Structure formats: C-alpha cells, structure tokens
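Chemist: Given only the sequences and the hints, what does the whole structure look like? Please build it.
Residue numbers (my numbering): 1 to 272.
Simulated from the structure, these hints should not be mistaken for lab results.
Note that the coordinates shown come from a computational prediction; the quantities given were computed from them, not determined experimentally.
Treat each hint with caution, since some may be false.
[What the hints assert, rightly or not] 16 Å max Cα-Cα, derived EDC-like pairs, lysine to aspartate or glutamate:
#1 K185 x D165
#2 K148 x D138
#3 K133 x D222
#4 K209 x D232
#5 K224 x E213
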Amino acid sequence: MKKTSIVIVATLLIVASLALCLSGCGGTKGKTPAEIKEAGVLVVATNAAFEPFEYIAADGSYVGWDMDIAQAFADLLGVKLEIRNMEFDSVLGAVAAGTADIGMAGISYSETRDKTVDFSKGVFNSSQMIIVKSDNTDIEDAYDLAGKVVGAQRGTVGDLLAQLDPDWASDGEDGYILGKPADVKGFGTAVEAVQALAQGSVDAVILDKMPAEAIVDKRDGDVKILEASVFDDEYAFAVAEGNAELQAWINDAIDTLKENGKWDEITQKYFG
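Modeler: Below you can see the structure in the form of structure tokens.
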C-alpha cells in the first residue's frame, strides 16, 4: 500500500473513533423525555431515609414529598416509576452516570455539584439545624461547635458544613459561619447520626430542618433542636450534565403541577 493511502486510512480510522466516542462515551448520558417515554419507565435515584421527603412505609413502598412528585412526573410522561434507593452520596453519581434519570433526595444546589449534574429550578426552601442532647448547655449556636465532635449524614449539606466546605461554610470573607469542629463523623443515615448523638459518640448533629423534626419527634425527649439555623438553602432536582431537554421538561412539569393543584395537594399531604 502506498504511503498516501496509509495516511488516508489512518485518518479515516481516527475520525471514526472520534465519532464513536462522541456518540457513545461522551456527551449527555441522561435520557431525554422522548427516550424515557420510549423506555416506558422513569428511573429516580433517592435516599429513602429522609422523612418526610423520602422514606420507606410499613408496607415497604417508597413514600414522601419527593416520591409523590416523582410519581406525578411519571404520570405526566405516561410511564412507570422506578425508585432506586441508595446512599445519599451516591445519588448524584448515579444521575451523572446515566443510571438514573432524575435525582430526587432533598438535594441542595451548589456550584460544585453543578459541575457534574444540572439542576431544575428550586423546589423547596430548607434550613440546616443543630441537634444536641436535651441536657446540653455547652452548644447554643453554630460557633459553639468549635472543638466539638459533629455528626452528619455523609454527603449532605450538614456534612459539608461540618467539614467547613467553602461552598457552604464560608462567611464570604475570610472566616466561617460556624466554629471549627475537632472531628466530623459521617453516617449512612440521619437516624444513625442522631442515635450516635444520644449514645454520646458525637456532641452535635447538623441536619436539614424537616428530617430533623421528624426524627426528634419520634424520640423520647433525649435530644433537641436549637432554634437558630446554621444555613438556609434550597432543594432542586438533578439530571445528567448537559441534559437540557429533561431539565426543561422538569421545569415545565413543575409549573404544570402547580397550575393543576397537584403540587399544593402533595405539599399539604406532608407538611399541612
């Protein structure tokens, strides 16, 4: 074969390889609304240990505010809903990898998270609260966490705050909005973190307001929530990075559910 022909063939092989990579191993990994309809199932990643947003009912079904919204999305698409329950810090990874269509797990927006997934419009305002033992008098606000052992559910905003992550804990100048803990202990669920507090393994727990209230209400008065919040944030739903079609569809679906009253019905059901 002549040298010129070899170069041409090699060039064609490179172009073909690049095309395959762009179509198969790069670009948007998430499915579009049309592809979800074709598949017949909407796959939602969550962490079902975050009552009242997502938790497991006595009959083993997945329930909660996020889960009812997910079902409403599936109904609008005319497909079945499949819930995949996993550790919270795996939810965004599943969405980014395309193994789940949407992440719905009380997920707060941040610039760092936005680098690996895309977010819907904000859907729920929340606050990060501190839980301590009922007889605790040493910790009255976030700055009193300095030198303490703080617990949190791994990967949550509470965990990131305790670790002084600049996305969440910076005061915008050269300090932080809470005292620097002596140690931070991560737990698989918020319930486990609060149980560790009750047993004395940690001095305090940072947790989202609604789940904190749900957990504390079920206990026998051994723990309490401090009045002042550490940080106020907003939840959103996550899709694969670059999946503009699904992102836009979700935003439109949110508007539709608000217009037809379904959004308020679900909110009333879980929050009164």
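Chemist: None of the hints should be skipped; say for each whether it holds.
Modeler: Verification of the hints:
no., hint, verdict
1, K185 x D165, "15 Å, holds"
2, K148 x D138, "10 Å, holds"
3, K133 x D222, "6 Å, holds"
4, K209 x D232, "10 Å, holds"
5, K224 x E213, "9 Å, holds"
The structure is consistent with each of the numbered hints, conforming to all of them.
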